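Student: So the chains spell out like this:
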Amino acid sequence: MRVRSLAIGLLVGGLALTACGKEGTPAGDSGVGEGPSTTAEVATDVKIEGSPTFDRMTQNDKVVIGVKEDQPGLGYKDPTTGEYSGFDIEIAKLIAAKLGFEESKIEFKTVQSAGREAAITNGDVDYYVGTYTINDKRKAQISFAGPYFVAGQDLLVRKDDTSITGKDTLKGKKVCSVTGSTPIQKVRDEALTEPENIVEFQGYSQCVDKLLTKEVDAVTTDDAILKGYAAQDPDALKVIGKPFSEEPYGVGLAHDDKALRDAINDILEKAKDDGTWQDLYDSTLGKSGSKSEAPDVDRY
Amino acid sequence: MDILIDYWPLFRDGFLTTIELFLLAGVASLVFGVILAMLRVSPVPVFRATGTLYVTVVRNTPLTLVFLFFVFAYPYLEILELSFFTAAVVALTVYTSAFICEVVRSGINTVPLGQAEAARALGLTFGQSLSQIILPQAMRSVVPPLVSTLIALLKNTTIAAGFSVSEAGRIRSVLSDDGENQLVGLAWVALGFIVIVMILTLVQRTLEKRWSVAR
Numbered sequence: 001m002r003v004r005s006l007a008i009g010l011l012v013g014g015l016a017l018t019a020c021g022k023e024g025t026p027a028g029d030s031g032v033g034e035g036p037s038t039t040a041e042v043a044t045d046v047k048i049e050g051s052p053t054f055d056r057m058t059q060n061d062k063v064v065i066g067v068k069e070d071q072p073g074l075g076y077k078d079p080t081t082g083e084y085s086g087f088d089i090e091i092a093k094l095i096a097a098k099l100g101f102e103e104s105k106i107e108f109k110t111v112q113s114a115g116r117e118a119a120i121t122n123g124d125v126d127y128y129v130g131t132y133t134i135n136d137k138r139k140a141q142i143s144f145a146g147p148y149f150v151a152g153q154d155l156l157v158r159k160d161d162t163s164i165t166g167k168d169t170l171k172g173k174k175v176c177s178v179t180g181s182t183p184i185q186k187v188r189d190e191a192l193t194e195p196e197n198i199v200e201f202q203g204y205s206q207c208v209d210k211l212l213t214k215e216v217d218a219v220t221t222d223d224a225i226l227k228g229y230a231a232q233d234p235d236a237l238k239v240i241g242k243p244f245s246e247e248p249y250g251v252g253l254a255h256d257d258k259a260l261r262d263a264i265n266d267i268l269e270k271a272k273d274d275g276t277w278q279d280l281y282d283s284t285l286g287k288s289g290s291k292s293e294a295p296d297v298d299r300y
Numbered sequence: 001m002d003i004l005i006d007y008w009p010l011f012r013d014g015f016l017t018t019i020e021l022f023l024l025a026g027v028a029s030l031v032f033g034v035i036l037a038m039l040r041v042s043p044v045p046v047f048r049a050t051g052t053l054y055v056t057v058v059r060n061t062p063l064t065l066v067f068l069f070f071v072f073a074y075p076y077l078e079i080l081e082l083s084f085f086t087a088a089v090v091a092l093t094v095y096t097s098a099f100i101c102e103v104v105r106s107g108i109n110t111v112p113l114g115q116a117e118a119a120r121a122l123g124l125t126f127g128q129s130l131s132q133i134i135l136p137q138a139m140r141s142v143v144p145p146l147v148s149t150l151i152a153l154l155k156n157t158t159i160a161a162g163f164s165v166s167e168a169g170r171i172r173s174v175l176s177d178d179g180e181n182q183l184v185g186l187a188w189v190a191l192g193f194i195v196i197v198m199i200l201t202l203v204q205r206t207l208e209k210r211w212s213v214a215r
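These protein sequence lines are chains A and B, in that order. According to my numbering, the residues represented by the first sequence are 1 to 300, in order. According to my numbering, the residues represented by the second sequence are 1 to 215, in order.
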């Protein structure tokens, strides 16, 4: 009898807890990345010779795309509906459509920064679209199509804070970013602030949380990511707007899949030329008010 | 080998912070854990209840939640500002002391009741008999599980990497962002931990030998 009431108690408690988890509206509707997605026409009879990834995609009749879920405006997963939205997501969808996969055949998979190379090399994802900066060391493990966007490292501060105007005014200020990420390494290496003032968390949202409670003074990473957060809370946050690095975002692919890389490069180039890129940008990141242009594809 | 040489400052600083974190939290949780164990065997019901409640609540809470509390919820209470490093030490101490408490308490239970009775017959107070008679005998019988708990603490320190303490657990994030081979990097981290654990095991062996008694 006791065991049974205990079991019932646990069950009810568990149900109550899961119910709690599903409630709770997403804090501050972003307004960014919620527009109707510019669905591209789905191509038919696409054939890519000599691409193991594409063969796998056709065999499974679906495409698995690695994305981020915590970057409003770029790659964001709505906690209530589970829908993904943002510029990266739109680019990912566009590529899928041009490869012949309609939206119902796309499976988005959230992969955090630290696990990206592993997810691609292990074949957990077919390609990865999520603020993935192209650099030579990464090129040794995987390959990149694109770039499809160029971001730059910038600073997010509280709106009423006038003491921080750029990267050289960070001395004595607490600066936050994601553990071990390139932007925070840059702050450390260039001694933009004192080592004890460097704060690192697992995600940007935790940094933004600490920024709002004034425990840190600035959050640093690529401006595209920061703009998304500023757009979520425009009354409290602002982006400085003086980028001090160049971060070309690419589509992460398996290392030896040149055939698919060329195909995706073609898709991106065409999207730039026919204005699709601009449409996608305007309906997502562009809503924050900043303008941008499609970069030239860098074939290697 | 290249990774270790190229990133030597990262590894060195990481492990130094890990050891610092471990030593501070280890000492603090030993002290706090013994106090908790004393509470749990005390003759005063309120103390016993406090000790039991603490152990039940903390031992059943995942360490990450304890960290989350001290780093993200606690600041809202505006009691005392903690640096992220101090918060990590506090979180680890709060968590580990519950385990230490249970280990020490099991040691106390191995001391024959006659010892406590004899101490009382000699006119020692509860505190005196506990600290002079019972605990010294209890501690020597719990060295192996105590060291196991401390080893667990050592490995638990890596959680702090997610909460703005740059220790050994952070090494992988840096390597991955630089596009280095994470598996090799992690193998070195594992080796580092094995070395520290081996030192702890040596300490355990020495203590066991020194404190061994013919029964």
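Honestly, the hints are just simulated from the structure, not real lab data. Please note: incorrect hints may appear among the correct ones.
[Unchecked claim] No farther apart than 30 angstroms at their CA atoms in a straight line, the calculated lysine-lysine pairs in the DSBU-like style are these: (1) A:174 to B:209; (2) B:155 to A:186; (3) A:105 to A:47; (4) A:174 to A:214; (5) A:238 to A:270; (6) A:159 to A:137.
[Unchecked claim] If you anchor each label on the Cβ, the simulated ranges turn out as follows: (7) A:62 to B:148: 42 to 50 angstroms; (8) A:168 to B:77: 54 to 62 angstroms; (9) B:64 to A:274: 45 to 53 angstroms; (10) A:43 to B:8: 44 to 52 angstroms; (11) A:122 to B:61: 29 to 37 angstroms; (12) A:123 to B:61: 21 to 29 angstroms; (13) B:68 to A:122: 50 to 58 angstroms; (14) A:122 to B:6: 23 to 31 angstroms; (15) A:191 to B:5: 40 to 48 angstroms; (16) B:6 to A:273: 39 to 47 angstroms; (17) A:139 to B:197: 52 to 60 angstroms; (18) A:298 to B:6: 23 to 31 angstroms.
The model shown is predicted, which means the values in this text are computed figures rather than measured ones. Cβ coordinates follow ideal geometry from the N, Cα and C atoms, glycine included.
Student: If a hint holds in the structure, say so; if it does not, say that too.
Tutor: Taking the hints in turn, this is what the structure says about them:
{"no.": "1", "hint": "A:174 to B:209", "in the structure": "violated, 49 angstroms"}
{"no.": "2", "hint": "B:155 to A:186", "in the structure": "holds, 29 angstroms"}
{"no.": "3", "hint": "A:105 to A:47", "in the structure": "holds, 17 angstroms"}
{"no.": "4", "hint": "A:174 to A:214", "in the structure": "holds, 9 angstroms"}
{"no.": "5", "hint": "A:238 to A:270", "in the structure": "violated, 34 angstroms"}
{"no.": "6", "hint": "A:159 to A:137", "in the structure": "violated, 37 angstroms"}
{"no.": "7", "hint": "A:62 to B:148: 42 to 50 angstroms", "in the structure": "holds, 47 angstroms"}
{"no.": "8", "hint": "A:168 to B:77: 54 to 62 angstroms", "in the structure": "violated, 36 angstroms"}
{"no.": "9", "hint": "B:64 to A:274: 45 to 53 angstroms", "in the structure": "holds, 48 angstroms"}
{"no.": "10", "hint": "A:43 to B:8: 44 to 52 angstroms", "in the structure": "holds, 51 angstroms"}
{"no.": "11", "hint": "A:122 to B:61: 29 to 37 angstroms", "in the structure": "holds, 33 angstroms"}
{"no.": "12", "hint": "A:123 to B:61: 21 to 29 angstroms", "in the structure": "violated, 37 angstroms"}
{"no.": "13", "hint": "B:68 to A:122: 50 to 58 angstroms", "in the structure": "violated, 30 angstroms"}
{"no.": "14", "hint": "A:122 to B:6: 23 to 31 angstroms", "in the structure": "holds, 25 angstroms"}
{"no.": "15", "hint": "A:191 to B:5: 40 to 48 angstroms", "in the structure": "violated, 23 angstroms"}
{"no.": "16", "hint": "B:6 to A:273: 39 to 47 angstroms", "in the structure": "holds, 42 angstroms"}
{"no.": "17", "hint": "A:139 to B:197: 52 to 60 angstroms", "in the structure": "violated, 37 angstroms"}
{"no.": "18", "hint": "A:298 to B:6: 23 to 31 angstroms", "in the structure": "holds, 27 angstroms"}
In this structure, the hints that do not hold are numbers 1, 5, 6, 8, 12, 13, 15 and 17, in rising order.
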